[in-house]
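This is what each chain is made of:
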Amino acid sequence: MREIKTVTILGANGAMGSGSAGVIAAFGGAKVHMLARDVEKAKQGIEAAVASVKTDTIRARMIPGSYDADLEKAVAESDWVFELVAESYEVKEPINTRIAKARRPGTIVSTVSSGLSIGRLAKAYDEDGQKHYYGTHFFNPPYKMILCELVTHSGNDKKVTQALGEYLDKVLGRAVVYTNDTPAFAGNRIGFQLMNEVAHFAEKYADKGGIALLDEIMSGYTGRAMGPLATADFVGLDVHKAIVDNIYDNTKDEAHETFKLPGYFQKLIDAGKLGMKSGGGLTKVVKHADGKREKFVYNIKTGEYDPYPKFDIPFIKEARQKIKDSDYKGAMDVVKKASGFEADIARYFISRYISYSLSLVGEVVDTKENTDGAMGFGFNWVPASAFVDFLGGPKETIKLMEASKIPVPKLLKDAKEGKKFYELGDKLDARSLFKG
Amino acid sequence: MSEKVFVLGGEQTDFQRNWTKEGKTFMSMMREVLDDALEKVGISYDEIKRLNKENRVAVFVGNFDAEQYANQGHLGAFLTEVNPALYGVPGARYEAACASGSVALDAAITHIRAEDYDLAIVLGVEVMKTVSSSVGGDFLGTAAYYDKEAKGVQFPFPKLFGKLADVILERYELKEERFMDALAEISRINYANAKRNPKAQTRTWFMNKEHAMARGGDNNMAVGGRLCITDCSQVTDGAAVTILASKDYTKEYAKKTGRKVDDIPRVKGWGHRVAPITFEAKKQESVGDKYILPWTRQTVKDAYKRADLDVKNIDVFETHDCFTSSEYAAISAFGISEPGKEHIAIEEGTIDFGGKKPINPSGGLIGVGHPVGASGVRMMLDLYKQVTNTAGDYQVKGAKNGLMLNIGGSATTNFVFILGK
Numbered sequence: 001m002r003e004i005k006t007v008t009i010l011g012a013n014g015a016m017g018s019g020s021a022g023v024i025a026a027f028g029g030a031k032v033h034m035l036a037r038d039v040e041k042a043k044q045g046i047e048a049a050v051a052s053v054k055t056d057t058i059r060a061r062m063i064p065g066s067y068d069a070d071l072e073k074a075v076a077e078s079d080w081v082f083e084l085v086a087e088s089y090e091v092k093e094p095i096n097t098r099i100a101k102a103r104r105p106g107t108i109v110s111t112v113s114s115g116l117s118i119g120r121l122a123k124a125y126d127e128d129g130q131k132h133y134y135g136t137h138f139f140n141p142p143y144k145m146i147l148c149e150l151v152t153h154s155g156n157d158k159k160v161t162q163a164l165g166e167y168l169d170k171v172l173g174r175a176v177v178y179t180n181d182t183p184a185f186a187g188n189r190i191g192f193q194l195m196n197e198v199a200h201f202a203e204k205y206a207d208k209g210g211i212a213l214l215d216e217i218m219s220g221y222t223g224r225a226m227g228p229l230a231t232a233d234f235v236g237l238d239v240h241k242a243i244v245d246n247i248y249d250n251t252k253d254e255a256h257e258t259f260k261l262p263g264y265f266q267k268l269i270d271a272g273k274l275g276m277k278s279g280g281g282l283t284k285v286v287k288h289a290d291g292k293r294e295k296f297v298y299n300i301k302t303g304e305y306d307p308y309p310k311f312d313i314p315f316i317k318e319a320r321q322k323i324k325d326s327d328y329k330g331a332m333d334v335v336k337k338a339s340g341f342e343a344d345i346a347r348y349f350i351s352r353y354i355s356y357s358l359s360l361v362g363e364v365v366d367t368k369e370n371t372d373g374a375m376g377f378g379f380n381w382v383p384a385s386a387f388v389d390f391l392g393g394p395k396e397t398i399k400l401m402e403a404s405k406i407p408v409p410k411l412l413k414d415a416k417e418g419k420k421f422y423e424l425g426d427k428l429d430a431r432s433l434f435k436g
Numbered sequence: 437m438s439e440k441v442f443v444l445g446g447e448q449t450d451f452q453r454n455w456t457k458e459g460k461t462f463m464s465m466m467r468e469v470l471d472d473a474l475e476k477v478g479i480s481y482d483e484i485k486r487l488n489k490e491n492r493v494a495v496f497v498g499n500f501d502a503e504q505y506a507n508q509g510h511l512g513a514f515l516t517e518v519n520p521a522l523y524g525v526p527g528a529r530y531e532a533a534c535a536s537g538s539v540a541l542d543a544a545i546t547h548i549r550a551e552d553y554d555l556a557i558v559l560g561v562e563v564m565k566t567v568s569s570s571v572g573g574d575f576l577g578t579a580a581y582y583d584k585e586a587k588g589v590q591f592p593f594p595k596l597f598g599k600l601a602d603v604i605l606e607r608y609e610l611k612e613e614r615f616m617d618a619l620a621e622i623s624r625i626n627y628a629n630a631k632r633n634p635k636a637q638t639r640t641w642f643m644n645k646e647h648a649m650a651r652g653g654d655n656n657m658a659v660g661g662r663l664c665i666t667d668c669s670q671v672t673d674g675a676a677v678t679i680l681a682s683k684d685y686t687k688e689y690a691k692k693t694g695r696k697v698d699d700i701p702r703v704k705g706w707g708h709r710v711a712p713i714t715f716e717a718k719k720q721e722s723v724g725d726k727y728i729l730p731w732t733r734q735t736v737k738d739a740y741k742r743a744d745l746d747v748k749n750i751d752v753f754e755t756h757d758c759f760t761s762s763e764y765a766a767i768s769a770f771g772i773s774e775p776g777k778e779h780i781a782i783e784e785g786t787i788d789f790g791g792k793k794p795i796n797p798s799g800g801l802i803g804v805g806h807p808v809g810a811s812g813v814r815m816m817l818d819l820y821k822q823v824t825n826t827a828g829d830y831q832v833k834g835a836k837n838g839l840m841l842n843i844g845g846s847a848t849t850n851f852v853f854i855l856g857k
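As they're listed, the protein sequences go chains Z and L. At position 148 of the first sequence (counting the first as 1) the number is 148 in the working numbering, and the numbers step up by one without a gap. At position 239 of the second sequence (counting the first as 1) the number is 675 in the working numbering, and the numbers step up by one without a gap.
Only chain L is shown next, with the shape it has when bound in the complex:
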């Protein structure tokens, strides 16, 4: 599939913004991000009108929970509010909890691969600052098995990923101090990386290793077993767009914009696996397996196989660090280390910005922020920036191939994409 689906670019909103405070809505957010993305990529609304006449363009909206956060469903149709040029353009909303952006990407990629459309606009969006953090925490609980794992639980997800930390510690017989130090280092790296990213939620926040290590107390409260505030990504409002295209359209586009097709990155591989929904079932199923999240590992392997690449070919990773424990488990899932030895990769600086296998140069979910339905699309946009050498201050030198892992629920829905030139 490496010659079938190309990525032309896109844009994200500033994840520091609080749209409710600004008196604006998810719709305003969609308008701004789509206008910005089209401007950046160099595609006009007139061009969309032209493509639409020939039924060559479609839109894919990733969103988790607009019903609860904004009293609105049917988001796929909402792009028509952004601009009348989108009247008639096929569009639908895709949902897979925190992997909603990826399931929208997956649908877009599939349609382009099947030669149904030439241009796919993928827009991930979530407005989350409309409610208090405890109400929002309850909404997010619907990404787990709500009745069994979230009902009546305050902040269910930190607790589920706290359990993942417990299992990692027990299963691999790690020294607690060393393991917690590694988690703190993950947090430090993500915040430090986010400082270079002008669209990151936490770019002006204070964080260093010392603070990440100082767990407990009012300023770094425990929220899920061993995990404290500094181990968590934080919700925010945000939207991101990536624009995908067929080879034929990419050729037209390259000619028009004076670029070479070879300089435009393509989706080289993908993986999509769904693990048992409850964390307890995941834990039971993985007994005896080298990997605590075997389906996450399998998703990565599927993507490598389809791309005919391996970890040695990947220069940069964007992973789903909803919590430090999820990034920790991803390190071995990517093949950067053996399972149980992730802490060594962290200690040796392998995943740091200047390391051999940098993870989340953007800042990841911990640093950039986690507007649930937008995260997968944002990750793809960041891979695009990295492999086209346009990531500015957070550019990983010489990045040619990038891999993203986006998960929904407690590593339930797993999506991996590999982008490269």
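Just chain Z, with the same shape it has in the complex:
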């Protein structure tokens, strides 16, 4: 296993920087150079790191510093340089040039980018540097969300990749998913496909309940704790836009059109309504004088915020009760048999999610266990393969896809009937991701 004793974190005061540093200093026991724009910010990052992993024992081995004064010295003595500065080539590339000059041969350098090309970023380095350059896409907050997408590019060495993967897994306790250098990698490509297409449907069905209705249809019984549009509101509409635009511009697959940003998202972004972080976006919560909180939802037609509605959709109620009783196949049977446009939408998106996840095997990842891990550990969504089992196996799933006019991936066509399709069961109990 690779020995990593000293690490440099760039972007130490951000949520991802401090959270990742906490994990590395705690689980890895490493000395960590915490670099930010100035030392005061770096010190704040250290305190945030301590708070994130809840141990004072790491404080003494975290050294605050600034990019201007300390970068070269810190990098020169590090076994791993983990760069978590802002998500743009303009910010990352000049920093990479400095790291490249200061790094020793053999030092690993990685970025937390969730969408930029790792191959392009690696170009700042010499041959040894390119060999040791990776995307290490941690999820927020790193202590709780244990997924790490380990993104490789054509210049990597398999032995180094294996050693780094082992370190991330065995020492840092990450659920490592290996992905190729493709836009948004695995988790975000699948997750944001669903979120963005659901957003389009919200617009199409704006008269019938819009955003709130679609989140109701895609609620916990479909294998996620939070509705897709609530998730978009949580991560921020600006971040959502950056991710879907990048995928739209740089990929061409069967779901290509679904990555177009809906017009009302852009309208909200232009108005500074970015989501929960800015006090409102697709939804907003108003605190009244008596302390009571009231939730509102954006009306795509009128541009106003309406009180968040309650729905009474019989098949959803029935499916939820089945989930509550841990009868997962029973719940999926309800979804399969239900009638009405809401049920059609539910079946469409369940089919789309499974189909799209499995279709990326071969392009983005080598095995379906990687897409399953990305969604299970990174998004807390029931992985596609597990869904196939709950739906009654490949044949039943294919039937559902064909009825919803969704392409059937080869992996599913070739799957054996009567054998469990989900193979991560010992690591992740998919049942725990359904909410009743």
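Please keep in mind that the hints were generated in silico from the structure rather than gathered at the bench. Computed from a predicted structure; not experimentally measured. All C-beta atoms in this analysis are idealised placements derived from N, C-alpha and C, irrespective of residue type, glycine included. Some clues are possibly wrong.
Said to hold, decoys possible - Restraint ranges, calculated between C-beta atoms of paired labels, are given here:
| hint | chain 1 | residue 1 | chain 2 | residue 2 | range |
| --- | --- | --- | --- | --- | --- |
| 1 | Z | 88 | L | 508 | 48 to 58 Å |
| 2 | L | 780 | Z | 144 | 36 to 46 Å |
| 3 | L | 653 | Z | 73 | 27 to 37 Å |
Once you have looked at the hints, place chain L on chain Z.
Below, chain L without anything else, positioned relative to chain Z:
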């Protein structure tokens, strides 16, 4: 009794899960764990129906406090909600605080020994995340003498086991630093072991010796005298099933599943003793005794005697480390060390995963989590895994005989079982 009661296997839930957050209940938990256990063991609901027609099967539910945590009693009858195949099957709930799982096992073992039934399904269950930790702490206080030891006390059990730490320190005239270091090592070992167990509550949590030693402050608060958060097991939601069988049924089962009867472990010995309920009475009674918990030691001795085995024959232990001090006291109760010299066994690595007498390779209550009524059943399941060489990444090499100690209250109800081939 070593040829009378066999263990066919079982399953546990992932103790990391929070069923309330998932919108599910103790009943959903029972359904999942029983379905999983039967699937794993290879017994169908049709088989249960068949056995039930001949009155050869019964269920035993271990649970401490569903009344308070879930507003539900009468759990023995609840398996009928899991599957109609269980209509008519004799079933009842058994309670002995944190030893509820063991008292259910004890009842099942007794009925099989008496040849009343051929198959016994033992299911331990507790849902605990339904309330805040302070409310839950008060509920747990009913496992002590509530009026005298828990009423109005925040987190009474850490305080009772903190007192045990005090008595150990004073009675054996230990150096405080060395003793606290030994307790921290117990914590380190349990967390490290839990990392190998895919069903453990703490498998993704950070813990090392340095942190366990750093007692005090916001990140490792004192909760009971000398004991801090890192010295405590933590409550969780969870359920476990073990399936026991008579020799006749085991023969049928072995034939059907292509196994040899000799490869199926049997319950070789048991012990059950009840100490005075208050900690103060325990302390007073033990003055002058080599052991601070003499009834715990006696329970172990009873089990050894019934099994005709001794500590030298035991390859793996699962103990009730509700707190580091309870595991510390168990080391001498097992006979691994002399009383007062437990710290030496710890320092020498004897109880570590790779040591001569590994304790809690599963992670124990500190690492796996402590859903009260499920813990005893989970321990038996872990012994089964160890002695059948099916514990995966936490397998102790070559384990043939295992011993479990499950206690209720402040070491009040003591249960020991020995399982082996």
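(request) Please name the hints from earlier in the document that this structure breaks, with their numbers sorted from lowest to highest. (result) none
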